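Visitor: Each protein sequence line maps, in turn, to chains A and B. Per my numbering, the very first residue in the first sequence carries number 1; after that it's consecutive. Per my numbering, the very first residue in the second sequence carries number 1; after that it's consecutive.
What the hints contain is simulated information worked out from the structure, not anything from laboratory work. Just so we're clear, the structure is a prediction, and the values are computed from it rather than from any experiment. Warning: the hint list may mix true and false statements.
Said to hold, decoys possible - Here are the simulated BS3-like pairs of lysine-lysine, each with C-alpha atoms no more than 25 Å apart in a straight line: (1) 381(B) <-> 245(A); (2) 283(A) <-> 245(B); (3) 432(A) <-> 439(B); (4) 245(A) <-> 432(B); (5) 313(B) <-> 245(A); (6) 313(A) <-> 439(B); (7) 237(A) <-> 79(A); (8) 245(B) <-> 313(A); (9) 283(B) <-> 237(A); (10) 237(A) <-> 432(B); (11) 439(A) <-> 237(B); (12) 237(B) <-> 432(A); (13) 245(B) <-> 381(A); (14) 237(A) <-> 441(B); (15) 245(A) <-> 283(B); (16) 96(A) <-> 86(A).
2 protein chains.
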Amino acid sequence: MLQMSSRRGFFFQLATAALGTRLRAEDRPKRDMIVRSARPEDLEMPLSGFADYITPIEHFFVRSHVYVPTVNAAEWRLKVEGEVGKPLTLTLEELKALPAVELVSVVECAGNGRGYYTPTVAGVQWNRGAVGNGRWRGVRLADVLRRAGIKDSAREILFDGADVPLGSMPDFQRSIPAKKALDSNTLLAYEMNGETLPVKHGFPLRVVAPGWASDSWVKWLTTIRVLDKEHDGFWMKGAYRHPGKPVPPGAAIPLDQMQPVTSLRVKSVIAAPLDGAQAIVGKPLAIRGVAWSGDAGPVTAVEVSVDGGRTWKAAALHADQRTQFGWRQWQLDWTPPQEAYYTILARARDAAGNTQPFDQEWNPSGYSWNVIPRAGIDVVKEISAPAAAAQSDAGTRTPPGGFREACSGCHEDDLIRQQRLTRAQWDREITKMTGWGAKVKDEDRQSLLDFLSGSYGPRPQGR
Amino acid sequence: MLQMSSRRGFFFQLATAALGTRLRAEDRPKRDMIVRSARPEDLEMPLSGFADYITPIEHFFVRSHVYVPTVNAAEWRLKVEGEVGKPLTLTLEELKALPAVELVSVVECAGNGRGYYTPTVAGVQWNRGAVGNGRWRGVRLADVLRRAGIKDSAREILFDGADVPLGSMPDFQRSIPAKKALDSNTLLAYEMNGETLPVKHGFPLRVVAPGWASDSWVKWLTTIRVLDKEHDGFWMKGAYRHPGKPVPPGAAIPLDQMQPVTSLRVKSVIAAPLDGAQAIVGKPLAIRGVAWSGDAGPVTAVEVSVDGGRTWKAAALHADQRTQFGWRQWQLDWTPPQEAYYTILARARDAAGNTQPFDQEWNPSGYSWNVIPRAGIDVVKEISAPAAAAQSDAGTRTPPGGFREACSGCHEDDLIRQQRLTRAQWDREITKMTGWGAKVKDEDRQSLLDFLSGSYGPRPQGR
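Chain A on its own, in the form it takes in the complex:
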């Protein structure tokens, strides 16, 4: 490593040395992330991340309403005010002097899975990876509130961070009920995965509201305000709201008929094999993934189907992961009995008996997607090289010479228009139709194929 001779490499080494033996999260090599928005930054973890029990910081999803604020830890203060007997202003050192608590908890964006809703819903089109399982260390919010002399009149606890709104966007502030705030699992965290809380994840302090969606996990925390009534700010009354019951797909529900997003739903993800992978017939295969829930957790069972949901088998749950709010790794060892394509599904059940749906009710903000995940695998004798990229389907809309002769003798064009096929499928179809009696001259075949695949190609997939 020290042989690195570029100027950048040299300074990189110096900076690393100054910070100690570990690189800061921000400086470590990036792992593969899906960029949903570059500005502000919204990064999604790909499915490969679900192989980890504790999600590495470099792989942890990032959801930003605005730009990341620069916080000087020495000048930073936490204010506790409102319905308290003794308003506080605490330094980081004073906070860290309180009893430290550590817990493992999933943090998941309320909109994780939004991209799967039909009809589609406005917002970042997350698939599965706006979620991670972190090890959080900090102080109990209850300890801070009690130190400030929280009054009996306290109803909701409002959080505000150092982030600055863009333009005239309202400042991001979220509140949680006093009961959730006083729960011994609700923390103010200054460490994540054993190191200082990274800047993107709220340095120097963020709320940890385990079991709840991440809109309650306010980052860069600077102010806690104890309220005697429900908060009426924009981000409580105007965003992160759910109708609380299924509504007709595409419905526009007034915000005042919705309630704030709170608990996560029971959910599983298949980490391996990946959809579209190949596997070897007769060779044992580990089907594995993770599962979590929210307030109704922990996960108590995961069932796996290898036949599209006709039959199910219980997966093994990792025995050492019986935490209330972290995810649990599960695994089912299975030997594919024949060369075939298998459709794998997984469904989790939590301590309250909730399970995942096969078909999810729509909601206007596309929150809380937890449909049973699927992965299709091709079981073969030996793994083949990846298929060559498909040819372009660009074509003309004017029927070429020979089209009428080939096709219209036996049927109308409506039969053609309802087909939506790949070029390879159209090629096979022309061969099939010549078997059925279609007259296709050799010199016309290519232009016929261009026309059909260009005009009647596959429909985009909804999910």
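Given the coordinates of chain A, assemble chain B onto it according to the supplied hints.
Guide: This is chain B only, laid out in the frame that chain A set:
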């Protein structure tokens, strides 16, 4: 009725009188059918047809490879030849002199449901209605074969009808194994639902191969040939073949690696309520439909979910419909407990324990679709008038004045491009974004909405 004075009406009455008190099926008023192809005629029964136990002839699906032949019953003969001791030529009267047998059986096109496959598959894009439940009356095929002295060498029985192929298309001929042909339930039918077999359904005689897809139910039957080996004609070797195991979606499987389509799969259809219907909160609702299977039938249980597949309840099966091959009507009475949108699913199980999948494996011809059906209903206090037709989403691709000021202050265009929303959703989104601080002038709002809904409208639905 006799007051009808138009010339057409007069002759219509005469014709009716001549045929007896019932109108011929061809002359009765049409019921609503979905025209999948006008020439040759492919007609699908809409979901309303599943309310009937015996499907009326006017509602029975029609699948035509070619045009309907004109058969003169007096001149018509059935030939039985091949591996028989005594080749026969039978008139209709001679056939009807054999013992008559009646049975109720579903007949379903192998391609029923093809329109739901992803990736899409070439062929008629049937949804659910290429199926019907008929009452068939005729003679046992076994009685005819035994009368002809079928030999021990018989392996397959080939059927040919009076239909004439189009152009150089091979003549439609299908064979079934001798074992299926000799089964006492396999008939040669001359009646359907208590009347003479209608022309579209094979007048004067068709094969009834209960439990098997309709490609084996050859219409306008004129020749039965007993073969000592598998038939190698085009329609056995080149069409109506299934890989017999799941294959990767979009795969092109050589025909010689596939086998002929035979038995139907267990399947249910929700007849009521229809997808998108409204229902009244607190008022009992009958969820009902039909279910059938093939060789593995009959259906022994149907379960219904009203919550997207999280929980299931047993439906009642009609007690008087315990036939081997007919469908069974089922019903679950349910009272919607709250105003909400409910996702109803149904899954049938047959005598062999087969059940329906949630997610079906693809096959190259799109045969045998039997995924669990769904219907979403909106439960309300009172039924509302149908919504007005949606406005046209046509729009311009050039960002209008005010677009940059309104949208680009806080985020890049990529966030917009990934949204696929209806005009109503975009309207709501503009309102939401002004709440988030977007500057939208009143005079710009309409052109902004035109642009967004015109450029970033909903994706077509895959299913």
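Visitor: Does each hint fit the structure? Answer for all of them.
Guide: Outcome of the hint check:
The hinted pair formed by residue 381(B) and residue 245(A) meets the criterion: a straight-line CA distance of about 15 Å does not exceed 25 Å. Proximity of residue 283(A) to residue 245(B) is assessed by CA-CA distance (about 19 Å); at most 25 Å being required, the pair is judged to hold. The hinted pair formed by residue 432(A) and residue 439(B) fails the criterion: a straight-line CA distance of about 58 Å is larger than 25 Å. Between residue 245(A) and residue 432(B), the direct Cα distance comes to roughly 21 Å. Compliance with the 25 Å bound is thereby established for this hinted pair.
Taking the CA atoms of residue 313(B) and residue 245(A), the gap is near 21 Å; set against the 25 Å cutoff, the hint holds. Our distance criterion of 25 Å between C-alpha atoms is broken by residue 313(A) and residue 439(B), whose separation comes to about 55 Å. The hinted pair formed by residue 237(A) and residue 79(A) meets the criterion: a straight-line CA distance of about 24 Å does not exceed 25 Å. Distance check on the hinted pair: residue 245(B) and residue 313(A) sit about 21 Å apart at the alpha-carbon level, within 25 Å; holds.
Simply put, residue 283(B) and residue 237(A) have alpha-carbon atoms about 33 Å apart, too far for the 25 Å limit, and the pair is violated. Note on residue 237(A) and residue 432(B): the hinted pairing holds, with a Cα-Cα distance of about 12 Å set against a maximum of 25 Å. Only pairs whose Cα atoms come within 25 Å are accepted, and residue 439(A) paired with residue 237(B) is accepted, the gap being roughly 20 Å. Straight-line distance between C-alpha atoms of residue 237(B) and residue 432(A) comes to about 12 Å, which keeps the hinted pair within the 25 Å bound.
A hinted pair counts as satisfied when its Cα atoms are at most 25 Å apart, and residue 245(B) with residue 381(A) qualifies at roughly 15 Å. In summary, the hint linking residue 237(A) to residue 441(B) is supported, as the alpha carbons are separated by about 24 Å, within the 25 Å threshold. Among the hinted pairs, residue 245(A) with residue 283(B) is consistent with the structure: their alpha-carbon atoms are about 19 Å apart, no more than 25 Å. For the given pair, residue 96(A) sits about 19 Å from residue 86(A) by alpha-carbon distance, which is consistent with the 25 Å threshold.
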